[in-house]
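Residues in the sequence shown are numbered from 15 upward in steps of one, following the working numbering.
Worth flagging that the hints you see were computed from the coordinates, not collected in a lab. Since the model is a prediction, treat every value here as computed from it, not as a measurement. Some hints could be false.
[To be verified] Label-pair ranges, simulated between beta-carbon atoms:
| hint | residue 1 | residue 2 | range |
| --- | --- | --- | --- |
| 1 | 170 | 23 | 45 to 51 Å |
| 2 | 208 | 232 | 18 to 24 Å |
| 3 | 232 | 201 | 25 to 31 Å |
| 4 | 160 | 108 | 34 to 40 Å |
| 5 | 198 | 26 | 44 to 50 Å |
| 6 | 212 | 45 | 40 to 46 Å |
| 7 | 238 | 87 | 28 to 34 Å |
| 8 | 168 | 50 | 50 to 56 Å |
[Stated by the list, open to error] Pairs of lysine-lysine, DSS-like flavour, derived with a Cα cap of 27 Å:
| hint | residue 1 | residue 2 |
| --- | --- | --- |
| 9 | 211 | 235 |
| 10 | 228 | 62 |
| 11 | 62 | 235 |
| 12 | 171 | 211 |
| 13 | 171 | 235 |
| 14 | 228 | 171 |
| 15 | 211 | 228 |
Beta carbons are placed, not taken as given, at the ideal position from N, Cα and C, and that holds for glycine.
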Amino acid sequence: MNHESFLLDLVTSLPEINGAFLFTPQAGILSQHIDDSIRDFDSLAIGKKMTGIAGKASDHFHDITHLQATFDNIILSGRLLPEEKWLFLLHTHELSSGMIRMALQLALNNSVQESDNPATQPEPPVEKIAAIEPPVTKEIIPVDIESLMAPGAPLAKHLNAMQDALANCIGPAAIPVFQDVLTAWCQENTPALNTLKHLIPLLLTEIDDSEDIKFFNNNTKNLFPQE
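With the hints as extra help, turn the sequences into a complete structure.
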């Protein structure tokens, strides 16, 4: 089935869905359809948000098949399809999880059928992706993150506040992202209040949107006394 006609059918079949996108982190939006009710919605901003969400999911854990994040006053729901493609639905809060699963499964079934015909889709750039993966050269020493963030721990209040602020910026990938960054920080610093400020720049590198960076800074600046 043609991508454009499939997305059009998907959006028009469910009134709670305002838009649908086929997307890859490497190429961006492959195809999209946004209904007339939000025709002025900034699809470039949506694409940037999807790039951040899917990119963080791919970088930090590999077993994710679906995710959901709030974008303005509506929701982005995504599911990983074959050949590293994502289907994202832009929908209202009224759409039930059962209807989301049904719509995404419909898209997944269609994608599987379409992938049976190799003439309809190019092969994913496997070699290019493999070439940019950095080699693992440094052993990562396990860090007891659970103890660091446990209630009553000296840094728990600060670390949990940072993780919550990050979640508001990058969505459901925040927990594995935060744990990876915290582990890297612990390799180079002794976990203590006077070294905690060095964690902030590491977390900021995981946030792409300038407004999200401003939000994160505003929500973490009160964690440290003014110098």
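Verification of the supplied hints:
1. 170 x 23: 45 to 51 Å: holds (49 Å)
2. 208 x 232: 18 to 24 Å: Roughly 22 Å apart at Cβ, these two residues keep to the hinted range, so it holds.
3. 232 x 201: 25 to 31 Å: Given range 25 to 31 Å: holds, Cβ gap about 28 Å.
4. 160 x 108: 34 to 40 Å: holds (37 Å)
5. 198 x 26: 44 to 50 Å: Holds - the Cβ-Cβ distance for residue 198 and residue 26, about 46 Å, lies within 44 to 50 Å.
6. 212 x 45: 40 to 46 Å: Distance hint for residue 212, residue 45 holds at roughly 43 Å.
7. 238 x 87: 28 to 34 Å: Roughly 33 Å apart at Cβ, these two residues keep to the hinted range, so it holds.
8. 168 x 50: 50 to 56 Å: holds (54 Å)
9. 211 x 235: Satisfied, since the Cα-Cα distance of roughly 10 Å is no more than 27 Å.
10. 228 x 62: Holds, at roughly 17 Å.
11. 62 x 235: Holds - the C-alpha atoms of residue 235 and residue 62 are around 26 Å apart, at most 27 Å.
12. 171 x 211: holds (14 Å)
13. 171 x 235: holds (14 Å)
14. 228 x 171: holds (21 Å)
15. 211 x 228: Within the cut-off at roughly 16 Å; holds.
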